[in-house]
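Trainee: Residue numbers (our numbering), protein chains in the order written: chain A, 137 to 251; chain B, 65 to 175.
Any given hint could be a false lead.
Which chain A residues face chain B? A few, computed with CB under 8 Å, are given here [what the hints assert, rightly or not]:
id: 1; residue: Gly-164
id: 2; residue: Phe-169
id: 3; residue: Thr-174
id: 4; residue: Met-176
id: 5; residue: Gly-178
id: 6; residue: Leu-179
id: 7; residue: Tyr-184
id: 8; residue: Ile-191
id: 9; residue: Asp-193
id: 10; residue: Ser-194
id: 11; residue: Glu-198
id: 12; residue: Phe-210
id: 13; residue: Ser-223
id: 14; residue: Ala-224
id: 15; residue: Phe-232
id: 16; residue: Pro-244
In silico DSSO-like cross-links for lysine-lysine, where the CA-CA straight-line distance does not exceed 30 Å [what the hints assert, rightly or not]:
id: 17; chain 1: B; residue 1: Lys-134; chain 2: B; residue 2: Lys-100
id: 18; chain 1: A; residue 1: Lys-214; chain 2: B; residue 2: Lys-100
id: 19; chain 1: A; residue 1: Lys-214; chain 2: B; residue 2: Lys-134
These are computed hints drawn from the structure, not numbers from a lab. The structure displayed is predicted, hence computed values, not measured ones. Glycine included, each C-beta is placed from N, C-alpha and C at the ideal position.
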Amino acid sequence: DAGVIQSPRHEVTEMGQEVTLRCKPISGHNSLFWYRQTMMRGLELLIYFNNNVPIDDSGMPEDRFSAKMPNASFSTLKIQPSEPRDSAVYFCASSFRRLPLGEQYFGPGTRLTVT
Amino acid sequence: GEDVEQSLFLSVREGDSSVINCTYTDSSSTYLYWYKQEPGAGLQLLTYIFSNMDMKQDQRLTVLLNKKDKHLSLRIADTQTGDSAIYFCAESPVGYNKLIFGAGTRLAVHP
């Protein structure tokens with residue numbers, strides 16, 4: 137099993153540009169989570185999907201952020217336009233919704249730098 | 065509300081025991097978790113405890129749960145330099161398919 141795959145691993149972009157982060161969850165998992173990690177704010181849940189449907193997007197910072205999950209094996213997180221304060225490590229995680237144990241498997245993260 | 069709190073930093077000498085503490089707020093959480101994040105990597109599940117247990121031991125790891133005080137701790141025996149990482153406590157409130165993470169405790173192990 138390849139685990140959760142994220143791309144790119146590193147992204148450097150200029151303020152105002154569009155950024156798209158990609159995630160492939162573990163095959164068979166039906167929940168997907170996007171997190172952001174910074175030194176100042178720690179680990180924040182941005183949005184999560186169950187069976188490709190967004191369930192809770194209350195953590196999405198603002199309208200510049202959007203996330204999609206067109207199918208069970210792919211999700212994107214888009215920032216348009218990007219700003220320097222968006223610089224962070226973005227993690228994708230997936231799990232199999234088999235309550236009550238909700239172990240999440242994390243990808244290696246995408247380090248985003250906006251200059 | 066949902067809130068998980070941890071101390072931010074712990075420094076121990078190699079070979080000593082490390083104890084990382086956590087308090088949580090949602091008593092409905094069925095499982096409580098400890099995740100480990102090594103430098104440059106994502107979080108990885110280290111261990112978990114079912115809410116009807118007081119203690120769980122797994123090799124060098126001991127998890128203690130005090131449900132009355134909503135206090136969770138992780139003890140690492142014979143701490144090694146490879147244990148240096150950030151440790152996150154997390155709860156999973158009933159009815160939610162998400163984890164509530166603490167801010168993480170950075171464990172530094174020195175010789």
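Trainee: Hints first: check each against the structure and report whether it holds.
Mentor: Checked hints:
Because the closest C-beta pair between Gly-164/A and chain B is about 16 Å apart, greater than 8 Å, the hint is violated. Interface hint at Phe-169/A: satisfied, since its Cβ lies 7 Å from the closest Cβ of chain B, which is below the 8 Å cut-off. The criterion of a C-beta within 8 Å of any C-beta in chain B is not met by Thr-174/A, whose closest approach is roughly 11 Å, and the hint is violated. Interface restraint check: Met-176/A against chain B, minimum CB-CB distance 11 Å, threshold 8 Å, status violated.
With its C-beta approaching chain B no nearer than about 4 Å, Gly-178/A sits inside the 8 Å limit, and its interface hint holds. A hinted interface residue such as Leu-179/A counts as satisfied when its beta carbon comes closer than 8 Å to some beta carbon of chain B; here the least separation is about 5 Å, so the hint holds. Nearest Cβ of chain B to the Cβ of Tyr-184/A: about 6 Å, under the 8 Å cut. The hint holds. Satisfaction of the interface hint for Ile-191/A is found here, the shortest Cβ-Cβ separation to chain B being roughly 7 Å, below the 8 Å cut-off.
Annotation: interface hint on Asp-193/A violated; nearest CB of chain B at approximately 12 Å, more than 8 Å. Look at Ser-194/A: its Cβ only gets to about 11 Å from chain B, farther than 8 Å, so that hint breaks. Restraint check, Glu-198/A versus chain B: the minimum CB separation of about 20 Å is more than 8 Å; hint violated. Using the Cβ-Cβ criterion of 8 Å, the hint placing Phe-210/A at the interface with chain B is not satisfied: the shortest such distance is roughly 18 Å.
Interface restraint check for Ser-223/A: the shortest CB-CB distance to chain B comes to about 16 Å, outside 8 Å, so the restraint is violated. The restraint placing Ala-224/A at the interface with chain B is violated, with a minimum CB-CB distance near 14 Å, outside the 8 Å limit. Taking 8 Å as the C-beta cut-off, the interface hint given for Phe-232/A is violated, the closest approach to chain B being about 10 Å. The restraint placing Pro-244/A at the interface with chain B holds, with a minimum CB-CB distance near 5 Å, inside the 8 Å limit.
Proposed proximity of Lys-134/B and Lys-100/B is supported: the alpha carbons are some 21 Å apart, at most 30 Å. For a cut-off of 30 Å, the pair hint linking Lys-214/A to Lys-100/B stands: about 27 Å separates their Cα positions. A C-alpha spacing of about 38 Å is found between Lys-214/A and Lys-134/B, which places the hinted pair above 30 Å, so the restraint is violated.
The structure fails hints 1, 3, 4, 9, 10, 11, 12, 13, 14, 15 and 19 (numbered hints given earlier, in ascending order).
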